[in-house]
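**Q** Sequence:
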Amino acid sequence: MEKAAAKSILSRLQPVLRECRDMALERLSERLNAMFDKSEQALLDFIDKADTNQGQFQFIDAISVISARKQAVEQRFREEISRGFSEYSGNKAISYPKPLLEEQQQAAETLELLDDNELDQRLALQTMIDRTQRQCFQQIYALGQRLSMVRGGKQLPPKDLPGGPVHCVSAFQIAADELAFETNILLIVYTLFEKFVMRELNGFFDEYNQKLIEAGVFPNLKLEAPKHPKTTGQPAPGEDGAEDSAPQPDAQRAQAPSEEGNIALGEEVFNSIRDLMATRRRGDPRYSRHPEINPNAAAMGGAKAMIDTPTLVSAIHEIQPETGSDFLPEETTRGTRPSVIEVDAAILDQIRQRLIEERERLFQGVDRNTIPSADLDTIELVGMLFEHVLNEDDLPNIAKALISHLHTPYLKVAILDHRFLIDSRHIARKLLNLMVESGLQWIEEDDLRRGIYYPMQEGVNRILHEFKDDVDVFGEVYDKLTAQVEELNQKTKIVETRAKEAAKGRERLENARLRAHGVVESIVGERRFHPDVERFLNHAWLDKMILMLLRDPMIESKPEWNQVLSVIKDIIWIYDSKDDPRLRLSVEEKLPQLKQRIENGLSSVGDIHQPDLQALFEFLSVLVAADESPDKKPAPVAASAPRIRDKRTEAVIGAVERKDFATLSKEEEEIVKLLKSVKFGTWFELLDDNQKLHRLKLSWFSPITQKYMFVDKSGIQALVTPIEKLARQMRNGRAKIVKYPAVPFVDRALESVLKMLQKTFGSTGNK
90 MEKAAAKSIL SRLQPVLREC RDMALERLSE RLNAMFDKSE QALLDFIDKA DTNQGQFQFI
150 DAISVISARK QAVEQRFREE ISRGFSEYSG NKAISYPKPL LEEQQQAAET LELLDDNELD
210 QRLALQTMID RTQRQCFQQI YALGQRLSMV RGGKQLPPKD LPGGPVHCVS AFQIAADELA
270 FETNILLIVY TLFEKFVMRE LNGFFDEYNQ KLIEAGVFPN LKLEAPKHPK TTGQPAPGED
330 GAEDSAPQPD AQRAQAPSEE GNIALGEEVF NSIRDLMATR RRGDPRYSRH PEINPNAAAM
390 GGAKAMIDTP TLVSAIHEIQ PETGSDFLPE ETTRGTRPSV IEVDAAILDQ IRQRLIEERE
450 RLFQGVDRNT IPSADLDTIE LVGMLFEHVL NEDDLPNIAK ALISHLHTPY LKVAILDHRF
510 LIDSRHIARK LLNLMVESGL QWIEEDDLRR GIYYPMQEGV NRILHEFKDD VDVFGEVYDK
570 LTAQVEELNQ KTKIVETRAK EAAKGRERLE NARLRAHGVV ESIVGERRFH PDVERFLNHA
630 WLDKMILMLL RDPMIESKPE WNQVLSVIKD IIWIYDSKDD PRLRLSVEEK LPQLKQRIEN
690 GLSSVGDIHQ PDLQALFEFL SVLVAADESP DKKPAPVAAS APRIRDKRTE AVIGAVERKD
750 FATLSKEEEE IVKLLKSVKF GTWFELLDDN QKLHRLKLSW FSPITQKYMF VDKSGIQALV
810 TPIEKLARQM RNGRAKIVKY PAVPFVDRAL ESVLKMLQKT FGSTGNK
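Residue numbers (the working numbering): 90 to 856.
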């Protein structure tokens, strides 16, 4: 019944879907034509910047190619868009001829075979999708709900939304093949497509939703989506999808309230803080002549007129530094950037004093008794915010020092627009939150060049140089830093995926080696052989068995495996028959066939084992001929001679058979239970033997060796450790789980300020 009802809805709405398709083709074609109109000028700019004649000719050719083939590109683009709508209307998933980067990562497919050019292209496309989904999140969320309803109510993934970001970007990726550009030119074209098409889709998505609303599809749906796109939880080890989870600090946010709720909550906190500040200020003699604080000031004749906002902003601008401090890293004369800058507690104390002095310089230029009380509250509150930056747990000192340079610009922002302190959507507030979160996640004090430090420093310097009274610069810095963080995140995901794939490969190899050795041991038993036989069985033939296990996990149930085992048994039989004259004829008959089977078997592993093979054949030949020529009898093997094992096998056997740890204490057993429930993507702090602290992310757990793999901030494997050892480290205080804040920095700081003031002045403020 449900399927029939869903089919009925889809059938009834086919005319509306055709209207949506036609509208999409029209709007997207308009934007694509706008892109082509702008492409010539963009490429001309690159011609001017090209370092070589060859580079200039490359851009000149690109202009000609676009002019000649743009109609073919548009036609292919329209075909792909139409195909997506047709597949959706036919109750099918939208098919993608080229795999999407995010989908490939989620499926844990190998990325090692991608060359750098293809990887750059995939990253550019995925970043384009992510940015559009974030920019148009409300419209896309509503569109997804409505299109899911049309198809029967089952939630559709983003890639199955016709005309959605994934579909549009993929359609252009395919269409752009008509241009046959090299990667450097193609990436420029992708950038133009994002700028002139993807960033201009707000109106398109609104119109798309409106057509569905007019057709009666979720007409009363509110546009507040339940969660930010990056708030999905992460599964624990062993759960479906756990291996591919890679949560970031900003991905651990709680469910976001509505925009009105954000403002109302912020206003409530802000007003509570202002009430408590007013209580404190009434007892401060420095404000005795302030008419808004001391009502008797006017009667006493000491009151002064309040200054206006432009005057106060101008005074703040006078104290705003234009450059960073001397202790921040700068490019050398050779253009290189320092990798390490030490910022200790003493420097942080100097910064605290500098921020206080900046505010005091403001009050030296402007009488504090002439500043409106609301502005006084704002100045003090911004100072407290930046004090919280300096006190932020786990934020690297170099990040604290850098962000502190924005103290005066943020004073100016807050005076110009008090919404900064009450509205979490304010762009300057979002930028401050982003910088703190990025500092926590992406600044590496051991090598500042690897993370986000220098891009963040560029943003800070730009604000110091350019900001006067137009907050648009904060939005531009925010957008650029967000894109840089996204790119870093994508690259880190790829590196981490490769690290996990490599770890899994090593695990499979060790498991196959262990299994093969166990099979050989079960056949050989306690027998001792000549070293040439031992070496062959535990080296050449063992590698043959390992390779078979790696290629086919089910090989042990197939005839080929029995043939491999029969070689081992025949070698043992020949060896055991050396002293029985009655079997000499049978041995002589079997030996040539055995040699042929061994040679055929080792042909799949190359020539590396030829020395072992020749040594075995020579030994067996001498062994068989011993009865005829006693002088050729092989040297006896001492009864006490230990079995010769391959060192690689010894390492594996030792790793499994060893007992690294004594019986765990009850507390350690509880920690082991806790660790087994920890989600992949959780960050840990671990002390190494040199007392150096490392912040690493849990990336993978081996169910075979019971070991955890950790990666660093760049996604590179940094540590592999047994679960018992990690539990012991945690019990001894040498390891701990790091919990990133779930609430944005500014919200946390304001709540902290409120609690501090309530604790100090709460009783007075409530009188």
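For the record, the hints were derived by calculation from the structure and aren't laboratory data. Fair warning: there could be bad hints in the mix.
Calculated pairs, PhoX-like style, for lysine-lysine (alpha carbon to alpha carbon, straight line, at most 20 Å) [claimed, not checked]: (1) LYS765 <-> LYS589; (2) LYS593 <-> LYS825; (3) LYS159 <-> LYS284; (4) LYS755 <-> LYS825.
Pair by pair, the computed Cβ-Cβ distance ranges are [what the hints assert, rightly or not]: (5) GLY241 <-> ALA572: 32 to 42 Å; (6) ASP134 <-> ALA182: 39 to 49 Å; (7) ILE612 <-> ALA591: 28 to 38 Å; (8) GLU575 <-> LEU114: 28 to 38 Å; (9) ALA572 <-> GLN130: 53 to 63 Å.
We put the CB at the ideal spot given by N, CA and C, even for glycine.
**Q** Of all the hints numbered above, which does this structure not satisfy? Sort the numbers upward.
**A** The structure breaks hints 2 and 9; every other hint is satisfied.
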